[in-house]
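K.L.:
Chain by chain, the residues run as shown.
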Amino acid sequence: MSTGQNDNEIISQVLSGNQQAYAALVNRYQSYVFTLTLRITKNREDAEEVAQDVFIKAYRALADFKGNSKFSTWLYTIANNTCITFLRKKKLEIHSLDNEGVFEVADSQDSGLRANLVEQKSKVTMVNSAISLLNPDDAQIITLFYKGEQSLEEIATILGLETNTAKVRLHRARTRLKEKMEKHFSAEVRDIYN
Amino acid sequence: MEAHLDNMEERLWSYIDGTAPRAEVSAIEQLLIDNAEWKAKYGELLEVNELLRSSELEEPSLRFTKNVMEEITRLHIAPATSTYINKRIIWGIGLFFITLVIGFLVYGFGQVNWSEKGGTSIPFDLGKVDYTRFFNNSYVNVFMMINVILGLFLLDRYLANKRRKFREES
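One line per chain: the protein sequences are A and B, in this order.
Mapping of the first sequence onto the working numbering: residues 263 to 456, in sequence order.
Mapping of the second sequence onto the working numbering: residues 4 to 173, in sequence order.
Treat the hints loosely; a few may be bogus.
Listed next, the stretches of chain A that the computed footprint assigns to chain B, with coverage defined by at least 3 CB atoms under 8 Å from CB atoms of chain B [what the hints assert, rightly or not]:
no., stretch
1, 274-285
2, 319-330
3, 339-351
4, 384-396
5, 414-422
Simulated pairs of lysine-lysine, DSS-like, Cα-Cα distance not exceeding 25 Å [said to hold, decoys possible]:
no., chain 1, residue 1, chain 2, residue 2
6, A, LYS319, B, LYS42
7, A, LYS440, B, LYS42
8, A, LYS328, A, LYS440
9, A, LYS385, A, LYS319
10, A, LYS319, B, LYS69
Think of the hints as simulated: they come from the structure by calculation, not from any bench.
Don't be surprised by glycine CBs; every beta carbon is placed ideally from N, CA and C.
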């Protein structure tokens, strides 16, 4: 097993014909890609399908990876494009959850998770739950910055933005997340602040 | 008030993320010492930052890697795009269209009677332009002919490449 190798070494092996070496890359990045696709598609089944598609596309296009950026940045760019295509295909409306009507739907869908949250009083669950209530763009940029180990410059590359625009978007996403937490998890947030 | 708060948060986030310039860092550090409002907000944002860092990754199903590997056994890695996209062809096509646009512009402006005085309005009635004149013109015919020849040339190249690859594979 080649899990101790760095990404570029594994890619070289795959490109020279060792197809099985690709499993190490899938194992390494599956949680990152799945989290990203889940936070955009808001559905586990769809997220898994899209995440698999991302790894298949990445495999097919592996010869185009020149190593000028991190493999993860290149992979997340594919993930971003695949999610956009998927959402277009499914004709899902990307509603802003600031719209209270839409929020009610998301809230009811998320009631199981929230009930679990009250029981566990877990900060981690609360944050994940609050992120799932954000619109896909906000959830995506927060995930890339905090969990995808991407810098603002890399996020800008993935999303096809200027670095400053990515910075402003991240700032706004965090502000909206904070508002969601204060509005829907006020008791837990008070516990954390005090 | 809201703008002030937004600006304060934006500056504090830059400070927390480590993206603020050095001069800004010193200014914010001074504000954190002197200003209670800034200090309180900083504590609040720091908590949010810690919470976000503690958020967990979601896990796909246990069969995930196996599913991907099963799919890719049927696939081949596509050749790098740089090996089959010839930049000279792209530049050639670009140049051709630029020439085409310039040709039409030069011809179009050549038809305008600039000596006629008509104030700031267009010196001809667009509704009364006889478009058949433009498309029966020999210059236009030459451009069309070049277009067709270029199209046939590219089609021939494409088919020749396809034939060569087919022979190589077989």
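K.L.:
State the violated hints by number, sorted upward, taking the hints as numbered earlier in the document.
P.N.:
Those not satisfied are hints 3, 5, 6, 8 and 9.
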